[in-house]
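Per full-length UniProt numbering, residue 1 is the first one in the first sequence, and the count goes up by one each step.
It is possible that some hints are incorrect.
Restraint ranges, calculated between C-beta atoms of paired labels, are given here [as the list claims (entries may be wrong)]:
hint	residue 1	residue 2	range
1	Phe139	Asp76	23 to 31 Å
2	Lys264	Thr416	27 to 35 Å
3	Glu381	Val20	47 to 55 Å
4	Gly371	Ser413	18 to 26 Å
5	Phe279	Gly181	19 to 27 Å
6	Ile143	Arg423	34 to 42 Å
7	Glu312	Gly126	25 to 33 Å
8	Asp251	Ile34	38 to 46 Å
9	Val42	Asp321	17 to 25 Å
10	Ser382	Phe139	54 to 62 Å
11	Lys405	Lys245	54 to 62 Å
Since the hints were derived computationally from the structure, they do not count as laboratory data. We put the CB at the ideal spot given by N, CA and C, even for glycine.
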Amino acid sequence: MWKIFSTKSLNICLVSLCRVKQLKKAELVLIDGIKLGILPDVVTYNTLIAGYCRLLGIDTGYSIIGRMKEAGIHPDIITYNTLLSSACRSRLVSRCLDLFEEMLEEGIFPDIRSYNILMHCFLKSGKPDEAYNVFKDIFLKEITPSPGTYNIMINGLCKNGYVDNALRLLRTLQRNGFTPGVVTYNILIDGLSKSRKHRRARGLLKEMLEAGQSPNAITYTSVMKSCFKNGMLEEGLEIFSEMQKKGYTFDGFAYCTVTGALLKGGKVKEANECIGNMFKVGIDLDMVCFNTLVNIYCKEGKFEDALKLLGEAEERGLQCDDYTHSILIDGLCKVGCIKLAQKYLKNMKMLGLETNLVAMNSFIDGVCKHGHIDHALQVFESMKVKDAFTYSSIVRGLCRAERYKLAAKLLHSCVTKGAQILRSDKKAVMRGLRYSGSLAEAKKFQKNIRLAKILYY
DNA sequence: TTAGGGTTAG
1 MWKIFSTKSL NICLVSLCRV KQLKKAELVL IDGIKLGILP DVVTYNTLIA GYCRLLGIDT
61 GYSIIGRMKE AGIHPDIITY NTLLSSACRS RLVSRCLDLF EEMLEEGIFP DIRSYNILMH
121 CFLKSGKPDE AYNVFKDIFL KEITPSPGTY NIMINGLCKN GYVDNALRLL RTLQRNGFTP
181 GVVTYNILID GLSKSRKHRR ARGLLKEMLE AGQSPNAITY TSVMKSCFKN GMLEEGLEIF
241 SEMQKKGYTF DGFAYCTVTG ALLKGGKVKE ANECIGNMFK VGIDLDMVCF NTLVNIYCKE
301 GKFEDALKLL GEAEERGLQC DDYTHSILID GLCKVGCIKL AQKYLKNMKM LGLETNLVAM
361 NSFIDGVCKH GHIDHALQVF ESMKVKDAFT YSSIVRGLCR AERYKLAAKL LHSCVTKGAQ
421 ILRSDKKAVM RGLRYSGSLA EAKKFQKNIR LAKILYY
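Using the sequences plus the hints, can you model the full thing?
Here you go:
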């Protein structure tokens, strides 16, 4: 039982209960407190608003303001910033603007946090121009920006695809006396890495070290992933070993990233060793770890072991997900067990996991590669959602079956859907049409693809 | 109010 002696202890108790999602209990404690003569204050209500917003949404949180006013307590800047954060979490831009207006009507002036949240909301909603107006407004109103102000803007620019502008903003800020911290560097290193600007990301890491900032687990993860993405396996592994030395591999994240990269590079033995090391250090296995291990077994063709392992995962109360099914179906298709893969596909649908596009794509690819193009076409036609992978597999299958005209038609319709096609697929279709004597068709196909790219990309 | 993240397909 909670012992409440004062409003302060009441508030501490409410914070704890909201944190563990016990809103009903929090309300009961509040009533008990009032019965004992301990009256709630603005902090009490702000705590409740934060809890309700997080667990039941902004409308329920906002309704607390009425109760607050009935109790004779006026909302303050923290009340409104809490509501603003909730609106921002749900990307409710107009709600944020309404709250800003309401604050002013109530005589509460937005502080730097309010502006940061509004700016963040615009950026999260893909409106960098509006966010930049808020950013300028902060300076016009002579409000002192916080490091968060700069980081939110830089991060938002990166996330909206303006990494170069983000970097330019950093340089301007530096010229005006801003010293970037580890968060700023991490934002930009990750932004550059994800925009395939690996060298510039490494350059910034160097600059960060020279500036005396210590990289943390986030910095290392971003750089390591960038190495793997750019085919620099060895360099990525070196970073992983540095992470291990520094104690940044306390969970399964880095181990699974490295194992995945090793498997992609065909290094099954090394992948096995990596996941083995994860077991040795006693990391708790979650479903992603199990999926990673199942992937190794599938690559080795050990399907029985994979299924045994999944039984173990279930015993631990873990549930197979889309990844599990994709890995199994892909593994089975790759070794030609199409019927068994089809059984798993059915099983997956029975479990209500119908929209597993990756599993469907693996299936189509497997069916094509094992020479059953008509079966693959049947599945292809039945699919409501298709992506670039679906088209690529079926086009390759059609080329293998020397059905170039249909391949050309489908590749063209892939472009008209705005999906990227592989140069190798286009080349295979072109070559096929030419060698099979359809020179006019080949020319027409090339022209159509060019045109479609202009129209749909 | 601000940073990263693992596993699947062509």
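Results for each hint:
no. : hint                        : result
1   : Phe139 / Asp76: 23 to 31 Å  : holds, 25 Å
2   : Lys264 / Thr416: 27 to 35 Å : holds, 31 Å
3   : Glu381 / Val20: 47 to 55 Å  : holds, 51 Å
4   : Gly371 / Ser413: 18 to 26 Å : holds, 24 Å
5   : Phe279 / Gly181: 19 to 27 Å : violated, 36 Å
6   : Ile143 / Arg423: 34 to 42 Å : violated, 51 Å
7   : Glu312 / Gly126: 25 to 33 Å : violated, 43 Å
8   : Asp251 / Ile34: 38 to 46 Å  : holds, 44 Å
9   : Val42 / Asp321: 17 to 25 Å  : violated, 44 Å
10  : Ser382 / Phe139: 54 to 62 Å : holds, 57 Å
11  : Lys405 / Lys245: 54 to 62 Å : holds, 58 Å
Comparing the model with each earlier hint shows violations of hints 5, 6, 7 and 9; every other hint is respected.
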